[in-house]
Amino acid sequence: MVEIDNILPLVSKPGRYSGGEYNICIKDKNAVKLRFAFCFPDSYEIGMSNLGMQILYHCLNSESDVWCERVFAPWTDMEQEMRKNGTPLFAHESRDPVKDFDIVGFTLQYELCYSNVLNMLDLAGIPIYARDRGEECPVIIGGGPCSYNPEPIAEFFDIFSIGEGEEALPELSRLMIEMKENGTYTREAFLRKAASLGGFYVPSLYEVKYNENGSIASFEPIYDDVPAIVKKRVISDFNDPKFIPTKPYMPFIDTVQDRITAEISRGCIRGCRFCQAGHVYRPIRERDVDVISDAAKKTFENTGYSEISLSCLSVSDYTRVDELCDTLLDWTNEKSVSLSLPSLRADSFTRELMEKSGAIRSSGLTFAPEAGTQRLRDVINKCLTEDDLMNAVGIAFDAQKTSVKLYFMNGLPTETDEDTVGIADLAHKVIDKFYATPNRNRHRQPQVTVSVACFVPKPFTPFQWEAQVTRAELERRQKLLRDSIHSRKIRYNYHSADVSYLEAVMARGNRTLAPVIAEAHKRGIKFDAWDEYFDYDKWMECFDACGVSTDFFACREIPEDEILPWDFIDCGVSKKYLLKERHKAYEGKASHSCKDGCGGCGADKMGECICRNQK
Amino acid sequence: MSQPKVSFKYFLRFKKHGTAIWISHLDMVRTFQRIFMRAGLSIVFSEGFNPHPKMVFAVPLPLGASSDCELLEFRLEQERSPDYILQRMRGVCPPGIEIFSVENAERKFTDIRYASYDVYFSREDMEYLPAIVRRFNELDTAVVMKKTKSGEKEKDIKPSVGSVELTDFGIKAVLSVDSENFLGPELFMTALNSVGAQLGLAPVKYEAVARRKMLLQDMKSEF
Ligand code: SF4
Numbered sequence: 001m002v003e004i005d006n007i008l009p010l011v012s013k014p015g016r017y018s019g020g021e022y023n024i025c026i027k028d029k030n031a032v033k034l035r036f037a038f039c040f041p042d043s044y045e046i047g048m049s050n051l052g053m054q055i056l057y058h059c060l061n062s063e064s065d066v067w068c069e070r071v072f073a074p075w076t077d078m079e080q081e082m083r084k085n086g087t088p089l090f091a092h093e094s095r096d097p098v099k100d101f102d103i104v105g106f107t108l109q110y111e112l113c114y115s116n117v118l119n120m121l122d123l124a125g126i127p128i129y130a131r132d133r134g135e136e137c138p139v140i141i142g143g144g145p146c147s148y149n150p151e152p153i154a155e156f157f158d159i160f161s162i163g164e165g166e167e168a169l170p171e172l173s174r175l176m177i178e179m180k181e182n183g184t185y186t187r188e189a190f191l192r193k194a195a196s197l198g199g200f201y202v203p204s205l206y207e208v209k210y211n212e213n214g215s216i217a218s219f220e221p222i223y224d225d226v227p228a229i230v231k232k233r234v235i236s237d238f239n240d241p242k243f244i245p246t247k248p249y250m251p252f253i254d255t256v257q258d259r260i261t262a263e264i265s266r267g268c269i270r271g272c273r274f275c276q277a278g279h280v281y282r283p284i285r286e287r288d289v290d291v292i293s294d295a296a297k298k299t300f301e302n303t304g305y306s307e308i309s310l311s312c313l314s315v316s317d318y319t320r321v322d323e324l325c326d327t328l329l330d331w332t333n334e335k336s337v338s339l340s341l342p343s344l345r346a347d348s349f350t351r352e353l354m355e356k357s358g359a360i361r362s363s364g365l366t367f368a369p370e371a372g373t374q375r376l377r378d379v380i381n382k383c384l385t386e387d388d389l390m391n392a393v394g395i396a397f398d399a400q401k402t403s404v405k406l407y408f409m410n411g412l413p414t415e416t417d418e419d420t421v422g423i424a425d426l427a428h429k430v431i432d433k434f435y436a437t438p439n440r441n442r443h444r445q446p447q448v449t450v451s452v453a454c455f456v457p458k459p460f461t462p463f464q465w466e467a468q469v470t471r472a473e474l475e476r477r478q479k480l481l482r483d484s485i486h487s488r489k490i491r492y493n494y495h496s497a498d499v500s501y502l503e504a505v506m507a508r509g510n511r512t513l514a515p516v517i518a519e520a521h522k523r524g525i526k527f528d529a530w531d532e533y534f535d536y537d538k539w540m541e542c543f544d545a546c547g548v549s550t551d552f553f554a555c556r557e558i559p560e561d562e563i564l565p566w567d568f569i570d571c572g573v574s575k576k577y578l579l580k581e582r583h584k585a586y587e588g589k590a591s592h593s594c595k596d597g598c599g600g601c602g603a604d605k606m607g608e609c610i611c612r613n614q615k
Numbered sequence: 001m002s003q004p005k006v007s008f009k010y011f012l013r014f015k016k017h018g019t020a021i022w023i024s025h026l027d028m029v030r031t032f033q034r035i036f037m038r039a040g041l042s043i044v045f046s047e048g049f050n051p052h053p054k055m056v057f058a059v060p061l062p063l064g065a066s067s068d069c070e071l072l073e074f075r076l077e078q079e080r081s082p083d084y085i086l087q088r089m090r091g092v093c094p095p096g097i098e099i100f101s102v103e104n105a106e107r108k109f110t111d112i113r114y115a116s117y118d119v120y121f122s123r124e125d126m127e128y129l130p131a132i133v134r135r136f137n138e139l140d141t142a143v144v145m146k147k148t149k150s151g152e153k154e155k156d157i158k159p160s161v162g163s164v165e166l167t168d169f170g171i172k173a174v175l176s177v178d179s180e181n182f183l184g185p186e187l188f189m190t191a192l193n194s195v196g197a198q199l200g201l202a203p204v205k206y207e208a209v210a211r212r213k214m215l216l217q218d219m220k221s222e223f
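Line by line, the protein sequences are chains A and B. At position 66 of the first sequence the residue is numbered 66 (this note's numbering), and the sequence of numbers has no breaks. At position 5 of the second sequence the residue is numbered 5 (this note's numbering), and the sequence of numbers has no breaks.
One should not assume that every hint holds.
[What the hints assert, rightly or not] Derived lysine-lysine pairs resembling DSS-like cross-links, with alpha carbons at most 27 angstroms apart:
#, chain 1, residue 1, chain 2, residue 2
1, A, Lys209, A, Lys479
2, A, Lys247, B, Lys15
3, B, Lys205, A, Lys84
[To be verified] Distance ranges between label pairs, derived from CB positions:
#, chain 1, residue 1, chain 2, residue 2, range
4, B, Ser101, A, Pro9, 27 to 35 angstroms
5, A, Asn85, B, Asp111, 42 to 50 angstroms
6, A, Ser574, B, His17, 57 to 65 angstroms
What the hints contain is simulated information worked out from the structure, not anything from laboratory work. Glycine is no exception: its CB is placed at the ideal position from the N, C-alpha and C atoms.
So here's chain A without its partners, still in its complex pose (with noise of 0.2 angstroms):
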């Protein structure tokens, strides 16, 4: 156990450290077989609210010999002190050092935690680079969107797991305890035997060689045995209570998601073609109206929150939503618990839902048209018509809202000027809605907050294979919008490009980039996605540093015959129907939804997808 209580006073927020929430596991050290660090390489605040880490660490804590903690990114004033102490990056659980722990596991949700990592590993006195580690280091494993594509961050991690971890971490915890039983392990026969388990990659156990133009030449397992495709893993079944946390652990200090999360679906049934997430997570699946609910109310009970929100890609277009939102309000209303949905469709907005939702009580109400034309949204599929946004914004500005917030992406492809205007457009529309409303709020101002990001090319879209637009064309086109913007009524904030762009070049990298994410921790970088640390310029140091060339994996249109990093992975959606909807893309024209018939993607095969409900 490692001694911070001569620090804690010294910093901002001891509460991020002191450990001791409610609900936390607390298991005997000496009578369990295997430790498992969970770390989120992040604050404090982002890591507890995080829904995935709630849950694996649920699902690894009901296995009664394996103890699960938590760990997170101490802050940099934090850092200073334990380096100035020598104290270890410890879990918050039992105050002990990491580095003793036998499995020490990533989530990896952006890729602008990857310098974390690596301070965490250091912090924590465990070599970063895998080769680097001996018998008595944990085994280090990632997992989370970014293992999609590990490849930047391969060298560094001994094994990923790829896709759905609520079976899968359990039964590589019992391979370890069974081989450390048995007298058979050791690192490298742990590590070969994790590679047939199925949905694990190994990266040491792949060679990967190179074109001289640095595409991949070839990427192949080095032994017989090892699997050359890594299918996901998808869980069992999606309505078994066990992989459902009702007690979890809950924050003394304010974080960002302090309340029930109940998930109700995985996947989506839309498919936008720029967005990783509702490919990744197919198989679509939706939990019943019962499991969910009994659910929220066991978490209820455990926690005492007086709020419940809705986790899902799209909240409007779980299948039995009215049937959901009567079943939960039954007891909420009566214990004064409110709902939240999140996320919810312009297309598929009706006042009841707004009613019942919760958003009636708020001020504003969020759409994500996405693009700011119809041709363009066409091409990237988001099914949103003018219409639709009118007909929501209309019932918005009826139920008295003033305030409308309106996501947007910069950079699309096929992207021109006009599309560009066209956002600008849509935002002067939504003003001129709110003064053709008879019943509108006649005491306030409308308001428009345009939010405008930037494409980034994402593994396993439909649009993995394009170019990024370079940050000086963003940046016009950024201002472009400015200047098309003529209301004061209208808000406009934007991402910055330079993130975009490490984000491009993160998302799509290969092995090559990890000298740079070396020397980028070497050079103490560190919380990338904190405006106030992220420093472009340092970046691209490190990367003229090591000879890697950016632009090679940010703004380059990849063949379509070229391997891809991430091509070894069977994410479900097959790479066939990928290409049929980047083509379809360029056609400008939509597809259906899932709802409307199966697309043929893939995702299918890994287990029940909501198209074998349809007949």
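Use these hints to put chain B with the ligand onto chain A, whose structure you have.
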């Protein structure tokens, strides 16, 4: 206008120690709100646009200090026996928050005038304490700079000090908690250290501080 609701007022007494000493005042409000929810007790909320639970903690406790004698006043929508409330709440508290009694609120927190603190020091610092405490007790005034909304202000904290005693772990201090003369352990330490500085001593730093008792005007009877 809605009718003012009938409500029932109680006190609860609890200890705060272990990891819970790092829960700030604001977070304590939320923490207790959820303890009440888990216990199935409906606390009364304020009216208005942004309702907040009607809860009052007796005397602010600095972050990082433990306490044996915290007090919380709250209102319930239904009348419950103190015993029932205690039983319901006990099993649903985070570690380090230990509720040990509930009673009907018949007195007022304003009766609390002083609190007694145990302040713990390292062995090295202990050597300087006798001289500092002796000198401090001889002085008629002890002026420190106190942060206020409009910058810093000089303040004589001597009238806020009930007593300062040397012990084998450090100091036992009785300090005023009156709103006018409130003196927390931190500012008290600043005062001690400025006395130390006059004696040519380096500042001492406490390792831990524990509030032991809430006291009435006579500095002896407990609230
Ligand atoms: S298998 Fe069919 S229904 Fe299922 S996600 Fe793919 S396209 Fe949609």
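We went through each hint and held it up to the structure:
no.: 1; hint: A:Lys209 x A:Lys479; in the structure: violated (42 angstroms)
no.: 2; hint: A:Lys247 x B:Lys15; in the structure: holds (25 angstroms)
no.: 3; hint: B:Lys205 x A:Lys84; in the structure: holds (19 angstroms)
no.: 4; hint: B:Ser101 x A:Pro9: 27 to 35 angstroms; in the structure: holds (30 angstroms)
no.: 5; hint: A:Asn85 x B:Asp111: 42 to 50 angstroms; in the structure: holds (44 angstroms)
no.: 6; hint: A:Ser574 x B:His17: 57 to 65 angstroms; in the structure: holds (58 angstroms)
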